[in-house]
Amino acid sequence: MRAAYFRGNEVIELVDIPKPELAPGEVLIRVGANGVCGSDRKILRGGHDLVPGHEVSGTVVEVTPGCTTPIGARVAVYIPRYCGVCEYCQSGRGNLCPNKPGLLGWATNGGYAEYMALPERNALRIDDRLTLDQGVLLLDTLGTSSHGLRLARAAEAGSALVIGAGPVGMGAVAYLRAVGVPDVYVSELSDYRLEVARGYGAIPVNPSREDLETRIRDSHPYGVDLVVEAVGSLPTIWQSFDMVRPGGRISLVGEYWGPITYEGAKRAWMINDITLIRSFYFTIPEFYENQQMILDGKLNTAPLASHSYPLEQIAEAYKLFATGNSVKIMVRP
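Residue numbers for the sequence shown follow the working numbering, beginning at -8 and rising by one.
You may find that some hints are simply not true.
Stated by the list, open to error - Cross-link-like lysine to any residue pairs, in silico, SDA-like; alpha carbons within 20 Å at most: (1) K310 <-> L5; (2) K33 <-> M(-8); (3) K33 <-> P237; (4) K289 <-> R168; (5) K33 <-> T314; (6) K289 <-> Y213; (7) K33 <-> S224; (8) K10 <-> K33; (9) K91 <-> D118; (10) K33 <-> L311; (11) K310 <-> Y183; (12) K33 <-> L94.
Said to hold, decoys possible - Label-pair distances were calculated between CB atoms; the ranges are: (13) P56 <-> L180: 24 to 34 Å; (14) R200 <-> D119: 43 to 53 Å; (15) T59 <-> P198: 48 to 58 Å; (16) D40 <-> N197: 36 to 46 Å; (17) E1 <-> K289: 34 to 44 Å; (18) P92 <-> G249: 22 to 32 Å; (19) P198 <-> P92: 39 to 49 Å; (20) P15 <-> D233: 45 to 55 Å; (21) R21 <-> L225: 36 to 46 Å.
In case anyone wonders, no lab produced these hints; they're calculated from the structure. Where is the CB? At the ideal position from N, CA and C, for every residue including glycine.
Let the hints inform the model, and build the full structure from the sequences given.
Right under this line is the structure:
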C-alpha cells in the first residue's frame, strides 16, 4: 500500500509498504480522509520513524475474531490507546487513562496510508447521515475544542474571545455559536480565517491592524466571560488574562508544552478569581454528543473542511496549511 513518511526538514516521501497485519482485537480500515494538523508540522521538520496521521476516518474492511464491528462500518479513529478497564475508561474518559501506552498515529503507524490498523474500541462509529470528512472534524477540530469548552461551561457565557482561528480555534467558534454564545470575538492574523469566523456570526479582529483589548472593552468594559486560547504560545496565554473579566474562565486548547512563567506583577493572576482550564482531547460520549448536534442542525461543519488533496499531493497540503489560508485540509489516500 502507499504511505507517506516525514523524513525531516520538510521532506515527505511516498513509499510502498505492506498492508498492516492485525493483532487480536484489532480492525483494519480503508482510510477515507485524514486531517492535516499543526502538531504534525513538528515531525515534518524533525522526522518520524512511523507513518504519521492522527485525524483519521475510514471504512472497516477486516476484523479479527471476537470483534463485533461489521465490515463496511464507517468509523473515526479515537487516538488514545486506552486500557478499557480503569475507572476513567469505564466512564468513557479514555483521554485520561493512566495506562495508555501512547497515541495512535504517533506511537503507531497512522492515517497517511491506504490502510490503518487499530483496536476495535478506538473505532468510533460515524452515523450513516454524515460524511467521512465530518468524521474527521469530530476529532481534533470539534472534539478537542468542545471538550475544553464544556469544562469551561461555555454555554453559560454571554461573551467569549477565541485567540487563534486555526482548525481547533475555528472548531471552538463553531461550538460557541452552536450553544448560543451571542458575542464571540476572534483574534487571528489570517484574513481568510477571519472571513470564515465572520460567516459563523463571530466578530473578527486582526490584531496587526487594531488593538484587540480596545475593541473588546468598547462593548465589554470588564472583559469577556470566557477566553479560548487556541494558539499554544506563552504570550497568548498571558494575553488571555488581560481579556477575561474578573470571575471569568480561560480554556487552554492550544498545544503548548513549555513552562508557564510570567515576569512581573500580574493583578489578574492574583486577585480576580480566574478559572484556568487545561484540557486534553475529548471523551467518547462527547464524540457522539457532537455528532448528534450536527444531525440536529445545531453545529455547522460546512465551513470547516476547506480543502482536499490526494495523498500524492500531501506536501502541497502542508504548504497551504502553513500559509494560514485554510481551515481543515483533508488528505485522501
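These are the hints, each one checked on the structure:
For the proposed pair K310 and L5, the alpha carbon gap of about 16 Å is at most 20 Å, so the pair holds. The hinted pair formed by K33 and M(-8) fails the criterion: a straight-line CA distance of about 25 Å is larger than 20 Å. At roughly 36 Å between alpha-carbon atoms, K33 and P237 are farther apart than 20 Å, so this suggested pair is violated. A distance of roughly 9 Å separates the Cα atoms of K289 and R168; the hinted pair therefore holds under the 20 Å criterion.
Between K33 and T314, the direct Cα distance comes to roughly 16 Å. Compliance with the 20 Å bound is thereby established for this hinted pair. Among the hinted pairs, K289 with Y213 is inconsistent with the structure: their alpha-carbon atoms are about 30 Å apart, more than 20 Å. This hinted pair checks out: K33 and S224 have alpha carbons roughly 15 Å apart, not beyond 20 Å. Among the hinted pairs, K10 with K33 is inconsistent with the structure: their alpha-carbon atoms are about 26 Å apart, more than 20 Å.
For the hint linking K91 to D118, the alpha-carbon distance of about 27 Å lies beyond 20 Å, and the restraint is violated. Taking the CA atoms of K33 and L311, the gap is about 16 Å. The hint holds against a cut of 20 Å. Between the alpha carbons of K310 and Y183 the distance comes to roughly 15 Å, so the proposed pair stays at or under 20 Å and holds. Between the alpha carbons of K33 and L94 the distance comes to roughly 16 Å, so the proposed pair stays at or under 20 Å and holds.
Checking the proposed 24 to 34 Å range against P56 and L180 shows it is violated: the Cβ atoms sit about 52 Å from each other. Hint check: R200 to D119, Cβ distance near 45 Å, so the stated range 43 to 53 Å holds. For the hinted restraint 48 to 58 Å between T59 and P198, the CB-CB distance of approximately 51 Å keeps it satisfied. Here the CB-CB span from D40 to N197 is close to 40 Å, well matched to the stated 36 to 46 Å.
Range check, E1 to K289: Cβ separation about 39 Å, and the 34 to 44 Å hint holds. The beta-carbon spacing between P92 and G249, approximately 25 Å, falls within the hinted interval of 22 to 32 Å. Checked against the hint of 39 to 49 Å, the pair P198 and P92 passes, with Cβ atoms roughly 41 Å apart. Taking the beta carbon of each, P15 and D233 are about 53 Å apart, inside 45 to 55 Å as hinted.
For R21 and L225, the Cβ-Cβ distance of about 41 Å falls inside the hinted range of 36 to 46 Å, so the restraint holds.
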